[in-house]
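Peer 1: As a plain string of letters, each chain reads:
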Amino acid sequence: MMGLARLAVTTERLNLDALIKCVHDAPISDGSEGTGAVASFLGLVRESNLGRRVVKLKYEAYEPLALRAFERIDNEIVERWPTAQLALHHRIGVLTIGEVSVAIVVAAPHRADAFAASRYAIERVKQIAPIWKREFFKDGDVWIEGATTDPDDAAAREEAFRRACV
Amino acid sequence: MRVNIRVFARLRDIIGVAELDRDVPTGTTAQRVWDDLVEEFPDISTYTGSISTAVNAEYAKMETVLDDGDEVAFLPPVSGGEFPG
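Respectively, the protein sequence lines represent chains V and H.
Residues 1 to 166 (the working numbering) make up the first sequence, in order.
Residues 1001 to 1085 (the working numbering) make up the second sequence, in order.
In short, the hints are calculated from the structure, not lab data.
Beta carbons: idealized from backbone N, C-alpha and C, even for Gly.
Computed from the model, here is a short list of chain V residues facing chain H with C-beta under 10 Å: (1) 62; (2) 63; (3) 69; (4) 126; (5) 129; (6) 132; (7) 143; (8) 147; (9) 148; (10) 150; (11) 152.
Using the sequences and the hints given, assemble the complete structure.
Peer 2: If you want it as structure tokens, here you go:
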């Protein structure tokens, strides 16, 4: 039976346990001592943003390209942390306050790599994944637009790496 | 030749539909398709310079030359991409 996909964009509620199982079940890469640490990150819908009280959020993705983005991030992580195993799921659709919008799990032989690679993953998701957020307030709504980073931009990758390793 | 245009988020809201088909001459680039779209929907002109593009669901450059039947997507800035600002 095929397990849960390690990388996914989904309308379903995210399940951290399933992601942890996912990296646990992944084959151990060459030269790895096996899993000694699992770091997890959950991104939640915050009730207030930029001074406005948020009622709900809507996430929209260009799904096939978002998966390409996740695959890139996965490859970048293997390049930097060859023994790390990533699972990354992003939810789309309407989410209310406190719901999990993104879940990231990294298993590695040691904690330093697990923490760093999981931080790197969320920084890169924010930079390059084609996923848009619409905030709804009591009296209106707004698309949140920052900037999209060229996925090939080496400086952006370095910035994400720097943030991951501080 | 004919290309399928995909637009997202606020860009889609302005244009009013998520997908459009347009006939374009051979050799048309993603940039040219965008320029034509701006002519058709002037309200999206504020996105010129900040949008990025994908062709057939792979990251691409605006200079990419399109083929008949290609899907060209225009992507407004994402929420979290604060780099380098």
